[in-house]
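Asker: Here's the letter readout for the chains.
Protein chains: 2
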Amino acid sequence: MTAFEQERRNKVQRLPARGQYEREEVYRIVDDALICHVGFVIDGQPFVIPTLHARDGDTLLLHGSSASRLMKHAGAGGALCITVTQVDGIVLARSIFNHSINYRSAVLFGRGQLVTAPEEKLAALACFTERLLPGRWDDAREPNRKELKATAVVAVPIDSASAKVRVGPPKDDEEDLALPVWAGVLPLGQSYGEPLADPGAAAELPLPEYLAAYLAARRE
Amino acid sequence: MTAFEQERRNKVQRLPARGQYEREEVYRIVDDALICHVGFVIDGQPFVIPTLHARDGDTLLLHGSSASRLMKHAGAGGALCITVTQVDGIVLARSIFNHSINYRSAVLFGRGQLVTAPEEKLAALACFTERLLPGRWDDAREPNRKELKATAVVAVPIDSASAKVRVGPPKDDEEDLALPVWAGVLPLGQSYGEPLADPGAAAELPLPEYLAAYLAARRE
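Keeping their order, the protein sequence lines are chains P and U.
Sequential numbering of the first sequence, starting at 22, is according to this note's numbering.
Sequential numbering of the second sequence, starting at 22, is according to this note's numbering.
Chain P with its partners taken away, still in its complex shape (with noise of 0.2 Å):
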């Protein structure tokens, strides 16, 4: 895979020793999250809302309710700024200014296009859902055509990237060094918690063996 060109809007400025290009790098951080923040922009103010997303190659998909505010602008083509966070610690260095946290942070820039074919909007469908949980998408009942024209989904091509990253100790000066202040890492990462069934449910049902899978490799 070829790296992102650098370019005045995807360039890391701040620490660019930070910043990475590489598609790779880029898209393992952008499928390692469960949302990202899509910011576009009205009558010049900003809007950054959460949504869940999931990638196909080149193009990041969107997907929501075909009356969200959301769906109608990223769908109409305008500039869209898509952004993926992960936080994995905080940083505790001996002086104030040197503390920072660990993260992974893609931003992505693009224009969305809705998509209309009934099948590229299931299939899109099918990559949200296995990304929520794998297993899953074979599982649950297919959405009808109804559910489906309720559905906005939005595939935006990823135009230009970029990603920043913090890995690793406090960086502290030279002269701090000797303070008597503890300095590390506390990592943070994410949680899972027991899966509670809906109480609603007619019937007791076995947890499926995909959840309880799923479940196992992320408490390894």
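Mixed in with the good hints there might be a few duds.
The list makes no distinction among identical chains, and a pair is therefore deemed to hold if it is satisfied within one copy or across any two copies.
Subject to a maximum C-alpha distance of 27 Å in a straight line, what follows is the list of computed DSS-like cross-link-like pairs (lysine-lysine) [unchecked claim]:
id, residue 1, residue 2
1, K185, K167
2, K185, K32
3, K170, K32
4, K192, K142
Just so you know, these hints were derived from the structure itself, not from any lab.
We have chain P already, so just place chain U on it with the hints.
Answerer: Same frame as chain P, but now just chain U:
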């Protein structure tokens, strides 16, 4: 505290029953989250940048390098949209259509102004540090004049805001309730790992009491 007025900009249009305008509720979501996503516009192009935030009453505080694009634009008085999102669970319905996530998000609107008075900047940095880890400000070395100059602080009076929240089990259509599909919620949350001392530390220092207390409270 009074509620935010509902206007075009902040009104939750889609699933309005999930919308909330009470300051207390909006601010609880803001305060619970470690980072926000700041949206701003340059020449019609939206940018969405993740950053740490802190709140001082009806003002949101941002900080960063004086040289950063975000700080320059956030401090220049242009329209901002600042969004905070917490994901609390994956909602697995019997129908694909009713899959969702449980979340709490807050969307804030305002314009930023640079904070220049050194004592105000120091107070803001104390807010940020104490949000990362309560007790840290009194332990770590305070910023010196040079560091304070290199740090920009932007105050954003919150002109308008709303929150959107989804909680609880999946909501399937009546006719789907008897389907033999497990339905429920997979709760997601923040996990806290074991603190990693800086391997470059000159001497081994005990874990600060405030850090141990912070962890204990979050692991209960």
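Asker: Against this structure, judge whether each hint is valid.
Answerer: Consistency of the hints with the structure:
1. For the identical chains of this complex, K185 and K167 are inter-copy neighbours only, at 26 Å across copies versus 41 Å inside a copy, given an alpha-carbon limit of 27 Å.
2. For the homomeric pair K185 and K32, the shortest alpha-carbon distance inside one copy (10 Å) is at most 27 Å, but the shortest distance between copies (33 Å) is not.
3. Proximity of K170 and K32 under a CA criterion of 27 Å is satisfied inter-copy only: 24 Å between copies versus 39 Å inside one chain copy.
4. Proximity of K192 to K142 under the C-alpha cut-off of 27 Å is restricted to the inter-copy arrangement: shortest distance 22 Å between copies versus 47 Å within a copy.
Going down the numbered hints, you'll see the structure goes against none, and every one checks out.
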